[in-house]
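Chemist: Given next are the chains, with one letter for each unit.
2 protein chains.
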Amino acid sequence: MKRMITLDTEKMPRAWYNALVDLPKPLEPPLNPATGKPLGPQDLEPLFPPALIEQEMSQEPWIAIPLEVLEVYALWRPTPLYRARGLERALNTPARIYYKYEGASPAGSHKPNTAVAQAYYNAISGIRRLTTETGAGQWGSALSFATRFFGLECTVYMVRVSYDQKPYRRSMMEVWGGTVHPSPSDRTQTGRSVLEKDPSNPGSLGLAISEAVEDAVTHEDTHYSLGSVLNHVLLHQTVIGLEAKEQLAQVGEYPDVVIGCCGGGSNLGGIALPFLPDKASGKEVRLVAVEPKACPTLTKGAFTYDFGDMARMTPLLKMYTLGHSFMPPSIHAGGLRYHGDSPIISLLVREGVMEATAYYQREVFQAGILFARSEGFIPAPETNHAIKAAIDEAVKAREEGKEKVVLFNFSGHGLLDLSAYDAYFKGDLQDYELADEEIKRALAELEKLAVR
Amino acid sequence: MKRMITLDTEKMPRAWYNALVDLPKPLEPPLNPATGKPLGPQDLEPLFPPALIEQEMSQEPWIAIPLEVLEVYALWRPTPLYRARGLERALNTPARIYYKYEGASPAGSHKPNTAVAQAYYNAISGIRRLTTETGAGQWGSALSFATRFFGLECTVYMVRVSYDQKPYRRSMMEVWGGTVHPSPSDRTQTGRSVLEKDPSNPGSLGLAISEAVEDAVTHEDTHYSLGSVLNHVLLHQTVIGLEAKEQLAQVGEYPDVVIGCCGGGSNLGGIALPFLPDKASGKEVRLVAVEPKACPTLTKGAFTYDFGDMARMTPLLKMYTLGHSFMPPSIHAGGLRYHGDSPIISLLVREGVMEATAYYQREVFQAGILFARSEGFIPAPETNHAIKAAIDEAVKAREEGKEKVVLFNFSGHGLLDLSAYDAYFKGDLQDYELADEEIKRALAELEKLAVR
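For the record, the sequence lines run as chains V and B. FYI, in numbering that gives the first Met the number 0 the residues of the first sequence are 0 to 451. FYI, in numbering that gives the first Met the number 0 the residues of the second sequence are 0 to 451.
Watch out, some of these pointers could steer you wrong.
[Said to hold, decoys possible] For lysine to any residue, the following SDA-like pairs were computed, each having C-alpha atoms within a straight-line distance of at most 25 Å:
1. B:282 x V:165
2. B:299 x B:30
3. V:165 x B:1
[Claimed, not checked] Here are some chain V residues the structure puts well away from chain B; computed CB gaps all over 10 Å:
4. 52
5. 61
6. 64
7. 73
8. 105
9. 166
10. 216
11. 277
12. 281
13. 371
14. 399
15. 400
16. 402
17. 403
18. 430
[Stated by the list, open to error] Using C-beta positions, here's what the derived DEER-type ranges look like:
19. B:350 x V:249: 46 to 52 Å
20. B:397 x V:59: 56 to 62 Å
21. B:398 x V:160: 36 to 42 Å
22. V:422 x B:191: 28 to 34 Å
23. V:160 x B:127: 27 to 33 Å
24. V:150 x B:166: 37 to 43 Å
25. B:33 x V:163: 37 to 43 Å
26. V:422 x B:361: 44 to 50 Å
27. V:402 x B:422: 52 to 58 Å
28. B:361 x V:328: 42 to 48 Å
Note that these hints are calculated values from the structure, not bench results. Every residue gets a Cβ at the ideal spot worked out from N, C-alpha and C, and that includes glycine.
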């Protein structure tokens, strides 16, 4: 009985799909925070290489994947597509559930799909070093892995509290040759000024971003790299959905619903965006974003211009946001704790092309454990959100007595998140739901921004 | 450029290869420790189901893999075979290096290949629960994973010091529904008597085996399960080598040398045994076992009858051994810290059909880091031993200016062993080598055994 649907290396996609050409209306431009005017390419040059700036705004429907990138992808791509027969049986559902297994990458998640591309384009533009920030370490480890293949150095600013408490992802980055500094560090003006006031400051993602950006703009040969939100990041992730479509076609299937968890939006974009042209030409396929009720950006946020970071250093993006000063409760799905969302995903939700739904922390862990016990793979806490939504679709199919094809993205495995499962079993996990009042308070900050 | 060589589910082996029919001479029989007489099938019945006892002594060259087992294998098998192009480039070698990636299983190692088969045969013989012991947790997690698919309970006795210090593999077992007890426990006579004398006893693998065996023999519906050493375990692992041969044939290759790390011998047997018939019919292929210098069973041990466990409860096996009371230094490759070896592997080394070599701890970590930085995947400390031997073969090929095809088994990934890499980077790893005198002392205990 076939469970794993492989795809031969020769059939790996040769181009990324650019969703910008199929949006229901054009994205509103990012704005320069100082002038309030639309950003020009030159505004991004201190941070990104020309190819990525071009991709950020491109109107080409397909962008060829460089051979050098394909060669590194070939270490784990094409990833398997699985028919979740064990889960189907456990649910006694007439639905056929498929999941794209991005846990197969050496870093254990989808993140290397863009890390490899970003490392390549920086390397060919003469850059010698990349900087980035990382919380729990998922993105920092993906970039440490990727830079390795193009002779780049990688400097990661890791939030101090994670640096101290989660040494394993730090070791992972070091195995791949990355250099990891706890943030706040004494390597940047920002870090030093924080340390001066509070030498034992635990750090934050916003602060780590500021340090990584400062390090990049103050060094000639250095650029900054971002793991989600931006258009070029989602572009690189479309290999996920392109492969999945090909694999489904091999077994004569087409999904009724496509599901991904959503923090900044990159894994969701990866699986869902390649279905946009079909949808535009009248095909019925639902696209579903799943987020935590603890950080309900798409389901409860405002659609407006906001900063990408807490420190107000980034351009203003038009997106769903809870406000850049919003600090989400400390749930285990760290990758979904982002106040904003990808502008592409935000627009799709705003225009009704994509749905959004939110779950509590405990019910998604329960879903993840059912998955592990029926399919074998232990999912990351983020991935559990997509699993919960897929299960709900399958249960609904059973209740309605309908066949249905469900596709979701298994964005990463949870082998470095086992402490979260431990906490679940001990009964230590809490269900957070933001009160409307809290959200109002979080959004109030946005009122003060000049642009809307 | 092709790196990953996949194999379609339809081409998964349908039968295990039984090496007992191709050994250079028959294995000497296991002996009953009480009588010193060869063991009969009835001696094993309290521990194992009929099918496994039959497989332990079978003279059939091929044993059909039950459909129910194939269906669970299909979750991650066939595993990919990789051409190690990055490593080849890093070594500037004319050798072509291939590795079979057993890290693809949900448990992250080759162990589920036999765990699934053992769970199945126990389930169909009416057993309701399996017991086993585990040190760091590799085998306990594989069995917890496997029992899940056949409605069996799984009770794991985990050495207390690991239970306390390595909570992540314990969480992993619990995610899959296994019940984990720190050993010594109050659940067995053996455990209670130890705790009475020393309530804070840290436990040992020998003690955990005794508890798991006692639990099995004192409960009607319960059997015991072993993760290495025995013939039926190596039998189940031959899917590794059978798939690898098929994948190599797809790209027109045949190995000059086949390499595996060796603790009890199961992953090495898995990759190497399927080459025995070719070797017997005159084909030139070297088979190489790699062990740590800290536990040099094959390279420095005696070939004699010995107990499988420290507590002298198991049958006597004819094998290479350092003596059942030998306590190897605490290296990070916990899976290679076994005083004995599989009787099949031992006989092959004894008869010159297989070579054996040993390395220091630090040089194998260095090899593993080179691998991670050129191939991406982070290997388990055990796997690093096979990698070091493969690198040495490739370097020799360069020095001799010769082409050569090297195949090794990537037995498992190291994502749950990152603390060992951390220790390596900090300079905390030691190179142990046993002095001949220590080995003499360890072997002296064997002299007292009646049988030889």
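Chemist: Cβ-Cβ distance between residue 150 of chain V and residue 166 of chain B: within 37 to 43 Å?
Modeler: holds, 38 Å
Chemist: Checking a non-interface call: every C-beta of chain B should be farther than 10 Å from the C-beta of residue 73 of chain V. Is that right?
Modeler: Nearest chain B Cβ is 4 Å from residue 73 of chain V, so the label is violated.
Chemist: Compare the distance between the alpha carbons of residue 299 of chain B and residue 30 of chain B with 25 Å, and conclude whether the hinted pair is satisfied.
Modeler: holds, 24 Å
Chemist: Are all C-beta atoms of chain B more than 10 Å from that of residue 430 of chain V?
Modeler: holds, 20 Å
Chemist: Between residue 165 of chain V and residue 1 of chain B, is the straight-line Cα distance small enough, at 25 Å or below?
Modeler: violated, 36 Å
Chemist: Closest CB-CB distance from residue 166 of chain V to chain B, is it above 10 Å?
Modeler: violated, 6 Å
Chemist: Beyond 10 Å on every Cβ pair: is that true for residue 399 of chain V relative to chain B?
Modeler: Answer for residue 399 of chain V: holds, closest chain B Cβ roughly 28 Å.
Chemist: Against chain B, does residue 400 of chain V keep a CB gap of more than 10 Å to every residue?
Modeler: holds, 26 Å
Chemist: Within 52 to 58 Å: is that where the Cβ-Cβ distance between residue 402 of chain V and residue 422 of chain B falls?
Modeler: holds, 53 Å
Chemist: Would you assess whether residue 61 of chain V, listed as outside the interface, keeps its beta-carbon beyond 10 Å of every beta-carbon in chain B?
Modeler: Non-interface label on residue 61 of chain V holds, nearest chain B Cβ at 22 Å vs cutoff 10 Å.
Chemist: Hey, is residue 403 of chain V genuinely clear of chain B, shortest beta carbon separation above 10 Å?
Modeler: holds, 23 Å
Chemist: Hint says 37 to 43 Å; check whether the CB-CB distance for residue 33 of chain B and residue 163 of chain V agrees.
Modeler: For residue 33 of chain B and residue 163 of chain V the Cβ distance comes to about 55 Å; the hint is violated.
Against the hints set out earlier in the document, violations occur for numbers 1, 3, 7, 8, 9, 13, 20, 21, 23, 25 and 26.
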